[in-house]
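Q: For reference, the chains in residue letters:
Protein chains: 2
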Amino acid sequence: MYDEKIEELIREKKYVQLRDELSEMNSVDVADILSSMDIHIALILFRMLPKDVAVEVFSEFSGDMRKELIGLITDKEIKDIVDELYFDVRVDVIEEMPANIVKKILRNTKEDERKLINQFLKYPQDSAGSLMTIEYVELKKEMAVKEAMKHIKETGLDKETVYTCYVTGKNRKLEGIVSLRKLVISEEDEIIENIFDEDVIYVSTHDDQETVAGIFKRYGFLALPVVDNENRLTGIITVDDIMEVIDQETTEDFQKMAAMSPSEEPYLETNTFTLAKHRIIWLLVLMISATFTGGIIRRYEDLLQSAVLLTAFIPMLMDTGGNAGSQSSTLIIRGLALGDIKLRDSWRIIWKEFKISIIVGITLAFANFLRIYFLEKVDFAVALTVSVTLFATVVVSKIIGGILPIVAKKVNIDPAIMAGPLITTIVDAISLIVYFSMASWILGL
Amino acid sequence: MYDEKIEELIREKKYVQLRDELSEMNSVDVADILSSMDIHIALILFRMLPKDVAVEVFSEFSGDMRKELIGLITDKEIKDIVDELYFDVRVDVIEEMPANIVKKILRNTKEDERKLINQFLKYPQDSAGSLMTIEYVELKKEMAVKEAMKHIKETGLDKETVYTCYVTGKNRKLEGIVSLRKLVISEEDEIIENIFDEDVIYVSTHDDQETVAGIFKRYGFLALPVVDNENRLTGIITVDDIMEVIDQETTEDFQKMAAMSPSEEPYLETNTFTLAKHRIIWLLVLMISATFTGGIIRRYEDLLQSAVLLTAFIPMLMDTGGNAGSQSSTLIIRGLALGDIKLRDSWRIIWKEFKISIIVGITLAFANFLRIYFLEKVDFAVALTVSVTLFATVVVSKIIGGILPIVAKKVNIDPAIMAGPLITTIVDAISLIVYFSMASWILGL
Chain A
0 MYDEKIEELI
10 REKKYVQLRD
20 ELSEMNSVDV
30 ADILSSMDIH
40 IALILFRMLP
50 KDVAVEVFSE
60 FSGDMRKELI
70 GLITDKEIKD
80 IVDELYFDVR
90 VDVIEEMPAN
100 IVKKILRNTK
110 EDERKLINQF
120 LKYPQDSAGS
130 LMTIEYVELK
140 KEMAVKEAMK
150 HIKETGLDKE
160 TVYTCYVTGK
170 NRKLEGIVSL
180 RKLVISEEDE
190 IIENIFDEDV
200 IYVSTHDDQE
210 TVAGIFKRYG
220 FLALPVVDNE
230 NRLTGIITVD
240 DIMEVIDQET
250 TEDFQKMAAM
260 SPSEEPYLET
270 NTFTLAKHRI
280 IWLLVLMISA
290 TFTGGIIRRY
300 EDLLQSAVLL
310 TAFIPMLMDT
320 GGNAGSQSST
330 LIIRGLALGD
340 IKLRDSWRII
350 WKEFKISIIV
360 GITLAFANFL
370 RIYFLEKVDF
380 AVALTVSVTL
390 FATVVVSKII
400 GGILPIVAKK
410 VNIDPAIMAG
420 PLITTIVDAI
430 SLIVYFSMAS
440 WILGL
Chain B
0 MYDEKIEELI
10 REKKYVQLRD
20 ELSEMNSVDV
30 ADILSSMDIH
40 IALILFRMLP
50 KDVAVEVFSE
60 FSGDMRKELI
70 GLITDKEIKD
80 IVDELYFDVR
90 VDVIEEMPAN
100 IVKKILRNTK
110 EDERKLINQF
120 LKYPQDSAGS
130 LMTIEYVELK
140 KEMAVKEAMK
150 HIKETGLDKE
160 TVYTCYVTGK
170 NRKLEGIVSL
180 RKLVISEEDE
190 IIENIFDEDV
200 IYVSTHDDQE
210 TVAGIFKRYG
220 FLALPVVDNE
230 NRLTGIITVD
240 DIMEVIDQET
250 TEDFQKMAAM
260 SPSEEPYLET
270 NTFTLAKHRI
280 IWLLVLMISA
290 TFTGGIIRRY
300 EDLLQSAVLL
310 TAFIPMLMDT
320 GGNAGSQSST
330 LIIRGLALGD
340 IKLRDSWRII
350 WKEFKISIIV
360 GITLAFANFL
370 RIYFLEKVDF
380 AVALTVSVTL
390 FATVVVSKII
400 GGILPIVAKK
410 VNIDPAIMAG
420 PLITTIVDAI
430 SLIVYFSMAS
440 WILGL
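Going line by line, the protein sequences match chains A and B.
First residue of the first sequence: 0, per numbering that gives the first Met the number 0; consecutive thereafter.
First residue of the second sequence: 0, per numbering that gives the first Met the number 0; consecutive thereafter.
Just so you know, these hints were derived from the structure itself, not from any lab.
Honestly, I wouldn't trust all of these hints.
Remember, identical chains collapse to one label, so a pair may be satisfied in a single copy or spanning two.
The calculated SDA-like cross-link candidates involving lysine to any residue, where the alpha carbons are at most 25 Å apart (straight line), are [stated by the list, open to error]:
#	residue 1	residue 2
1	Lys66	Pro49
2	Lys216	Asp239
3	Lys114	Met96
4	Lys408	Thr269
Okay, chain A solo, but in the shape it has when bound (with noise of 0.2 Å):
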């Protein structure tokens, strides 16, 4: 994203003018371009940036350009940074950070604010909790319109979002929501009471951040807000923050959908022992129930003894096999995963796959059968054998494909998992069983 100009200011070593470029440009390239750097020289322009950009850049960097620079900076500026920090970035960054740094960064809190970081860090990972910010514009229903704008004014630029403000009542209890725009709409002397929301939708601080992402999705909010058990509104989470989850939950279910347990670390930043160990549980697992497929076949032996050229199709029956369920399979964890398929249309599904593995079986089965009777020059009898096993093994997977993942939802196992791989390993054994039988019956053997 950056251009020449900043690289020939970097070749050139420099650093005032490339300072003032810096200052004015996003703080999200800024940390980029420091961190492709050495370290030592982003050290230098990161010291000279203006505090408040410097802030925003440390928000910025990914957790091991926070931990190097953190290393190398002064207690004094550990501090003056991470107080300037948003409340959610804080947390992130003292969870991130080494138990001696952490004493450093907490010993000058106050003892409030110490006891709301502790009570932040025990959210678990990948709850409300863990992603909101205490960052809110909090307003008053008796309140005037001036003097809520009054209040923005004076307080709005340390706030994550000033466009959605939250009218609390005794004891913070959340009451409703109203908008900036409301606010600027509407006349001075009106009063919140008369212009708020109150059917106001929001989340809990134990909420899984799946619900939460589906939330934002379905309602095109900006920001939500986060209620403790007690209804007291404890924090809010903004739309940038749930831009990340959406990312992360779809590659966790690519992971699952690739027999691979999920990870948060990008793949460049995971070791190879860790991404190794993510592979080889569902390779063994995966690996052992192919064995019922060799077990099949160790039963047939003689019939393939009496009929090798058999062995040559078996590739083919099972990829197809398998390609035919994980279509379905995929498309039907992708539907329930957006939410576009409910569980009440199962049968529906079920239906519509029926229909579709016949279509796309009968013609697979056909372009089949013309090219291995007439190209190949195979016998008819097995371009016949193999034809049949072709179409019903269609059939198998994509109802097997469409199932499975529907079953799984039901028993509250995640559908992702039966997607490709499995589906693979159990359609192989079906098609098997399906090609031996009618083999026999159509060759006599």
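Fit chain B to the supplied structure of chain A, relying on the hints for placement.
A: Structure of chain B alone, referenced to chain A:
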């Protein structure tokens, strides 16, 4: 999302009370409730809603529901609703409707607006132009904050967002942006020129929606300006519309990775033949590719004839290879899509996959040897052949799974195509060649 109270009111046909309840609810939920009712009752309720609520609810309906409803209401009602819709939704509605209704809608539209609608209809699907809307707040550099706030107060109700305002110069040239937050916290007589942000990030009308989504994710923006070739502001895109785009792009990746032609329609709304068509092409291609695998087996028919037992391990070898390769390709495809992995990382990735494959390969080969030698009591030589092949297959699969998505990206093919199904087909052939070579060598056949 709606509760028993609403269901009871529906059952008891207390429509007036129901109307009052619905008017207080979020329009997304109201649209959901009406869509699940008998269309004639939905129509009655829809007509009872306050006009502004009705328009919002209409915006939230699915295309099918909109069509159904438009078929039942009068031309005047259609016009009243369409006139009040945000411009991007209006264009969508016009795009979806049959020609005779479009004519009706456009007949009463002013000349310049009709031109604008036609221009918007021409933007390619999935382009920034097709996502944007024209309801934004436009300010001038010379304005004082007070003037700007007055302008927002007067026009803000009809804008898609008021939280980012766009500063334009002569000929609507985009000169910068200023946030409502900045306006609110600034002094009333401050001039926009002194507080607005000139380094503004924007997209152009023909940029792809994936690019747009990437920018929203990277910077956490609430809205993004769209300019034409001459840098004139033509519209804005808001973050709520981008959430849908992100889901849509991910779904496309899922579909491609499961060997389907991508489709934007939700599963249940797509008819059987279309779904079947999207699946057949890739299945056919992959089925025919599997011919090579069959060819390899036929070449080694004699070898198999003398050791039919070898056949029993073919499925396990092929499946494990396919799964190992899919794991690698899935992680790389996802990393490329999210921008976590860049093309310049290619060698690091291949080296990493190689190291991982050694660890995974040794573990699986060892486990497999123990299982088939000690549990299945297979010959030492056969067990060795199978295990060595397994090791080689895992290593080759993971490297192929790591390389192919990167190569695809380099030659501008969507990396998502290089996923499980294709990798499996390639790996099948390789693993069989290794298997039979090993068998000839170790077993001396």
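Q: Hints the structure violates: just list their numbers, smallest first.
A: none
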